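Undergrad: Build the full structure now, drawing on both the sequences and the hints.
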Amino acid sequence: MPPRIGVAIPRRDAMYKAAPPRPSSRALSFRVGSSGASSIVPEGNPVSISPLAAKERLKRAIPNRHRVAVRRLLARGRQAAGVATMTPDFLVVGAQKAGTSSLFHYLIAHGSYLRPVLKETNYFDVNYDRGLAWYLSYFPSLARKRAREAATGGPVITGESATYYVIHPWAPVRIRQNFPAAKIIIMMRDPVTRAISHYNHNIRAGREPLPMLEAFEREAERVEPVARRLAEDPDYPCFEHQHYSYLLRGRYLEQIQRWMQLFPREQIHLILSEEMFADPDRELRALCRFLGIPERSLDSYGVANPDRSRRRDDRATAFLMDYFRTPNRLLSEFLGRPLPWRSAA
41 MPPRIGVAIP RRDAMYKAAP PRPSSRALSF RVGSSGASSI VPEGNPVSIS PLAAKERLKR
101 AIPNRHRVAV RRLLARGRQA AGVATMTPDF LVVGAQKAGT SSLFHYLIAH GSYLRPVLKE
161 TNYFDVNYDR GLAWYLSYFP SLARKRAREA ATGGPVITGE SATYYVIHPW APVRIRQNFP
221 AAKIIIMMRD PVTRAISHYN HNIRAGREPL PMLEAFEREA ERVEPVARRL AEDPDYPCFE
281 HQHYSYLLRG RYLEQIQRWM QLFPREQIHL ILSEEMFADP DRELRALCRF LGIPERSLDS
341 YGVANPDRSR RRDDRATAFL MDYFRTPNRL LSEFLGRPLP WRSAA
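When you line the sequence shown up against our numbering, it's residues 41 to 385, in that order.
If a hint is listed, it holds; no wrong ones were tucked in.
Quick list of the computed label-pair ranges, beta carbon to beta carbon: (1) Pro277 with Glu335: 41 to 47 Å; (2) Ala173 with Pro209: 21 to 27 Å; (3) Glu254 with Gly332: 42 to 48 Å.
Keep in mind that the hints were calculated from the coordinates and are not lab data. This one's a predicted model, so the numbers in the text were calculated from it and none came from an experiment. Ideal placement from N, C-alpha and C gives every residue a C-beta, glycine not left out.
TA: Given below as structure tokens:
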């Protein structure tokens, strides 16, 4: 059995109902376990704060725009100082609303992974003009890598995620040109629930003016003209293509085949989100083998950024079920097995 790492992730409902911690005069210490996973704990107390719980507390305390601003300042300082950094060993290129944040938290808890300053730099899609030095400034320093290797006694990797990469026409070519050996990870969620979650995300962000069904029905007229221009001009503004691609992002086989034109099949790892959340231990160990790091299991797994929206539209759902029937069948044939999706039944 692979060794287990002591990372306790509490139930989400328990985390939100818990009373705020009382002020304590006890000092806090930073600890790195034998696996390399870190935790902040009160002196004399062996219980660590789980990564997902710590993230939720931070998110509630500090607005996201402030956290991102601080991280960008850190990267800018690193770039100005000419700090030697790691280069990405892998990229999670999609899909949006498919569990990429949870996957990253599993890797962070593993101990052989060092995260970049920002999970999503969007360098290979909308920030490519900033240059490679800008991009690499977001990655851990080589000094930090050596320190983690000494602590774990094994390989240490890094990688990023940007879920627009998977459908952006220029991202695969740019990644291949810069990092041809990088491994590609594609996560796939039931395209019906993914599209609905994507729509609700846009509503919360104030980006979507249309009702749900109309947004799905009018995707072609909103997205395809921009997609054609973007295919010809890599600098063409792509707001509609990036944010209104509810259907496009769920046609997974088209995306996989496009990436396979530039990267060999053994360099691409596919994850079905429903299977990851049903058996995260198995999926994490499979990912470890793909990435070439030691197989480890976590004591507990959680869900980062769970979909809490209850906005549904029966007509929109029926539209999506019909739309994705053929793409799901073709994907199932490509994978050689049935899909664990209600829309594929």
